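In order, the protein sequence lines correspond to chains A and B. Going by my numbering, the letters in the first sequence line up with residues 4 to 134, in that order. Going by my numbering, the letters in the second sequence line up with residues 4 to 134, in that order.
Don't read these hints as lab results, they were simulated from the structure. Any given hint might turn out to be false.
Identical copies carry no separate label here, and so any pair may be met within one copy or between two of them.
Stated by the list, open to error - No farther apart than 20 Å at their CA atoms in a straight line, the calculated lysine to any residue pairs in the SDA-like style are these: (1) Lys80 / Pro95; (2) Lys50 / Pro18; (3) Lys80 / Gly64; (4) Lys80 / Glu56; (5) Lys80 / Asp6; (6) Lys53 / Asp75; (7) Lys80 / Ala47; (8) Lys50 / Arg63; (9) Lys50 / Ala83; (10) Lys50 / Arg90; (11) Lys50 / Arg91; (12) Lys53 / Ser9; (13) Lys80 / Arg91; (14) Lys50 / Arg65; (15) Lys50 / Glu88; (16) Lys50 / Arg39; (17) Lys80 / Phe41; (18) Lys53 / Trp69; (19) Lys80 / Ser44.
For clarity, every value in this text was computed on a predicted model and none was experimentally measured.
Number of protein chains: 2
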Amino acid sequence: MHDPLSSTFAALADPTRRAILARLAMGETSVTELARPFEMSMPAVSKHLKVLERAGLISRGREAQWRPCRLDAGPLKDAASWIEEYRRFWAPYVDALERHLDRMFPPTPRSKKASKRQRGPNRQPKKGETK
Amino acid sequence: MHDPLSSTFAALADPTRRAILARLAMGETSVTELARPFEMSMPAVSKHLKVLERAGLISRGREAQWRPCRLDAGPLKDAASWIEEYRRFWAPYVDALERHLDRMFPPTPRSKKASKRQRGPNRQPKKGETK
DNA sequence: CAGTTAAATAACCGACAGGTTAAATATAGG
DNA sequence: CCTATATTTAACCTGTCGGTTATTTAACTG
């Protein structure tokens with residue numbers, strides 16, 4: 004996929020690449036230096052860097068024969084924003100609070116925001132619905 | 004990779020799967036209902052659901068011939084935590100503040116936390132370093 | 001110039017991702 | 001038992017991923 008969010012998440016879906024980003028968070032550095040911690044050939048690291056670059060997560064300069072890499076965390080902002088939309092689903096207190104509020108102020112059909120909070124299976128009853 | 008964080012990010016790296024999660028955020032529903040918005044066969048959706056399930060992002064019940072899916076956002080918490088570590092790199096105000104603090108209170112070698120904030124290329128000067 | 005170092009590219013490989021169609025499975029209902 | 005519905009599984013295809021080794025490009029050094 005070519006959408007930026009998919010590229011960002013795909014780039015993060017590899018522990019080597021996440022380690023590279025963690026290293027770059029400590030400062031700009033060379034490819035050889037980035038490759039040092041890994042039991043992996045240089046071309047492999049080079050490919051990981053290309054994935055990160057195409058995802059916009061790093062950019063590279065030129066200094067003599069070195070290509071210093073630096074972190075470019077912009078895309079992480081959108082990734083974080085996407086995930087944050089789901090915070091209430093892993094924050095139990097907020098979740099419990101919401102259920103409580105739903106009981107005190109039941110969501111009405113007119114309220115778009117509230118109608119999103121529907122509970123229960125939400126499937127079409129279709130035929131018999133025996134149970 | 005089999006580590007949970009990689010599985011989570013890999014699961015999120017597909018727009019169809021993100022849309023499925025968005026739909027499930029509005030409530031539990033059936034596979035057919037989940038598949039409806041997509042121009043894609045049912046087996047394809049089924050595979051996406053399997054990816055999400057193996058990543059721990061959804062779980063499935065059984066109700067007659069339906070297999071209702073529900074969101075299980077637990078893994079998103081760790082993903083969010085990982086990304087949050089980089090917030091300072093996309094939050095310019097915080098970044099500027101940090102540079103300001105570094106100038107007022109220069110990081111010392113003894114301070115592990117501070118020594119992480121090194122600026123500049125951070126590569127080995129090695130040989131000549133002509134410039 | 002020749003030699004060294006840094007990094008990228010090319011060519012190749014096995015494994016997996018994402019899709020298809022066709023067949024199998026599970027359950028409800030007449 | 002037969003049929004319809006919901007969903008999964010099987011088999012297959014194509015493209016991409018993550019890795020390799022060998023080669024090439026680029027820049028400094030003596």
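Against the structure, the hints:
no.: 1; hint: Lys80 / Pro95; result: between (24 Å within a copy, 12 Å between copies)
no.: 2; hint: Lys50 / Pro18; result: within (14 Å within a copy, 24 Å between copies)
no.: 3; hint: Lys80 / Gly64; result: neither (23 Å within a copy, 34 Å between copies)
no.: 4; hint: Lys80 / Glu56; result: within (16 Å within a copy, 26 Å between copies)
no.: 5; hint: Lys80 / Asp6; result: within (15 Å within a copy, 23 Å between copies)
no.: 6; hint: Lys53 / Asp75; result: within (13 Å within a copy, 33 Å between copies)
no.: 7; hint: Lys80 / Ala47; result: neither (27 Å within a copy, 30 Å between copies)
no.: 8; hint: Lys50 / Arg63; result: within (14 Å within a copy, 37 Å between copies)
no.: 9; hint: Lys50 / Ala83; result: neither (25 Å within a copy, 26 Å between copies)
no.: 10; hint: Lys50 / Arg90; result: neither (33 Å within a copy, 26 Å between copies)
no.: 11; hint: Lys50 / Arg91; result: neither (37 Å within a copy, 27 Å between copies)
no.: 12; hint: Lys53 / Ser9; result: both (16 Å within a copy, 18 Å between copies)
no.: 13; hint: Lys80 / Arg91; result: both (19 Å within a copy, 10 Å between copies)
no.: 14; hint: Lys50 / Arg65; result: within (18 Å within a copy, 43 Å between copies)
no.: 15; hint: Lys50 / Glu88; result: neither (32 Å within a copy, 24 Å between copies)
no.: 16; hint: Lys50 / Arg39; result: within (15 Å within a copy, 37 Å between copies)
no.: 17; hint: Lys80 / Phe41; result: neither (27 Å within a copy, 27 Å between copies)
no.: 18; hint: Lys53 / Trp69; result: within (15 Å within a copy, 43 Å between copies)
no.: 19; hint: Lys80 / Ser44; result: neither (31 Å within a copy, 33 Å between copies)
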